[in-house]
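Those protein sequences? They're chains A and B, same order as listed.
Everything in the first sequence is counted per the numbering used here, starting at 1 for the first residue and increasing by one.
Everything in the second sequence is counted per the numbering used here, starting at 1 for the first residue and increasing by one.
These are computed hints drawn from the structure, not numbers from a lab.
You can take every hint at face value.
Some chain A residues close to chain B (C-beta under 10 Å, calculated; not the full set):
1) 51
2) 52
3) 60
Taking lysine-lysine pairs in the DSS-like style, the calculated list, with each CA pair at most 30 Å apart, reads:
4) B:203 - A:28
5) B:202 - A:23
6) A:23 - B:203
7) B:152 - B:110
8) A:23 - A:5
9) B:160 - B:76
10) B:110 - A:65
11) B:76 - A:79
12) B:160 - A:5
13) B:146 - A:32
14) A:28 - B:202
15) B:203 - B:146
16) A:32 - B:203
17) A:65 - B:76
18) A:23 - B:160
19) B:144 - B:202
We put the CB at the ideal spot given by N, CA and C, even for glycine.
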Amino acid sequence: MKECKWTHHDVTAYLDHQLSDLKEELLKQHLKTCNHCQQLREEYDELNHLLVQLPREPVPEDLTKNIMSTIQPLANLQKASIEETNQELSWWGFLLRGIPLLVSFSMIGVITWIIYLGQKYTWQETPLLVWQSITQMWNGFWSILHLAGNKFSQFFYTTWDTAFTLPERSTGPLLSKFNLLLTKATAYQKVIELTILAVVAWIIIALITAFISSRICFDHGEERI
Amino acid sequence: MPPSNYTYPAKKKERGRKDIATLDISQSLIDQAIQGNSESFETIVRLTQSGIYNLAFRILNNREEAQDATQEAFVKLYQALPSFRGEARFTSWFYRIATNVCLDCYRRNKKKRENTAPEYMEHLLLLLTSNGQNSNPEQIYQDKQKLLRLQKAIDELPVKYRTVIVLRHMEGFSYQEIAEIMQVPVQTVGTFLYRGKAVLLKKLNSSKEGGIRVERV
Numbered sequence: 001m002k003e004c005k006w007t008h009h010d011v012t013a014y015l016d017h018q019l020s021d022l023k024e025e026l027l028k029q030h031l032k033t034c035n036h037c038q039q040l041r042e043e044y045d046e047l048n049h050l051l052v053q054l055p056r057e058p059v060p061e062d063l064t065k066n067i068m069s070t071i072q073p074l075a076n077l078q079k080a081s082i083e084e085t086n087q088e089l090s091w092w093g094f095l096l097r098g099i100p101l102l103v104s105f106s107m108i109g110v111i112t113w114i115i116y117l118g119q120k121y122t123w124q125e126t127p128l129l130v131w132q133s134i135t136q137m138w139n140g141f142w143s144i145l146h147l148a149g150n151k152f153s154q155f156f157y158t159t160w161d162t163a164f165t166l167p168e169r170s171t172g173p174l175l176s177k178f179n180l181l182l183t184k185a186t187a188y189q190k191v192i193e194l195t196i197l198a199v200v201a202w203i204i205i206a207l208i209t210a211f212i213s214s215r216i217c218f219d220h221g222e223e224r225i
Numbered sequence: 001m002p003p004s005n006y007t008y009p010a011k012k013k014e015r016g017r018k019d020i021a022t023l024d025i026s027q028s029l030i031d032q033a034i035q036g037n038s039e040s041f042e043t044i045v046r047l048t049q050s051g052i053y054n055l056a057f058r059i060l061n062n063r064e065e066a067q068d069a070t071q072e073a074f075v076k077l078y079q080a081l082p083s084f085r086g087e088a089r090f091t092s093w094f095y096r097i098a099t100n101v102c103l104d105c106y107r108r109n110k111k112k113r114e115n116t117a118p119e120y121m122e123h124l125l126l127l128l129t130s131n132g133q134n135s136n137p138e139q140i141y142q143d144k145q146k147l148l149r150l151q152k153a154i155d156e157l158p159v160k161y162r163t164v165i166v167l168r169h170m171e172g173f174s175y176q177e178i179a180e181i182m183q184v185p186v187q188t189v190g191t192f193l194y195r196g197k198a199v200l201l202k203k204l205n206s207s208k209e210g211g212i213r214v215e216r217v
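Bound-form chain A, shown alone (with noise of 0.2 Å):
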């Protein structure tokens, strides 16, 4: 029997033309004259007639109507899951998440400072030096409150009397009222950069612990659908 190079594996990529175009051609040469190729060609080429041709199982009637009732459940909870999730992004929600991790925060950073204190002097003195630094941030905090009220209230008192005076009272044009202004705000830098600095840093800790205790305090890890 003549034995031929080619294998039962390259007859089947040739009919799905899964040859190279020089295999395919060589392949196609060879086939007009092996008859054993061209019979198994043949063979294979009928085979996959005949799978073509196996009818298709017919789908239970019912298939659609069991799978969206599987899937319901899941779909109602996607849907909870989505509401809750736009609850979270509300902003006053959000802050309000955000208050107890505040609060843990504070505690962990107290407790802190009561250890260090304990420890550089004595556990007897640090109550007393705890109630001192409070008393003495306390006063400092309302003082820089007072003080920054108080230029911010000179402030704009000035300039709204300065720029937006009667014209009679008024010694130039609109340009020069707004160099003015500009002039009364250069005054008072220091104290608008740290109100805007303070402002800042107060949202952004808001915002921060806000998004973490969002996270970790009240989604308890659930695995989202």
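Fit chain B to the given chain A structure using the hints.
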């Protein structure tokens, strides 16, 4: 070897049967389903369930199991849908999920599995009897016998060969897509196809001698 006057049946696409592989689910439909629109998801189910159910049936050879596996595949699809990035075609991507589900199911119940699905053979006989395309009774009988032998041979194939043959010849996927679905190299798809078909051919006909060198399976 068919007789010289044998007319091959028309090819799948020529007969107007729509392949699931050519089905293209629109991105907007997928997006709507991701957003939780159950009607869009139901449309996807209606469009793809036939292919998935048939794949499951061919792998598992059991209607009830095929139905369960199809449902499981759709649940997995629903859960995985938000992660679909459109890098592959939706049908290929979904078939990968479904194939994994079916193969897992097959492995779970491998020991108590029957090789043939008797109900399908009955259904096949019924279809072949009622579907008299050729008026020659002898030809009808021969065709019927061939298809029954083929069905039996397919049932006895190892599951990986069977899956590849189903994906290629019944669902109409390309080699590349089958490689993506089964997560194997394209060459392996070719090898599985050849080996599966060689076994089928061997069972359908008496073994041929000489001629083409048969590779060892």
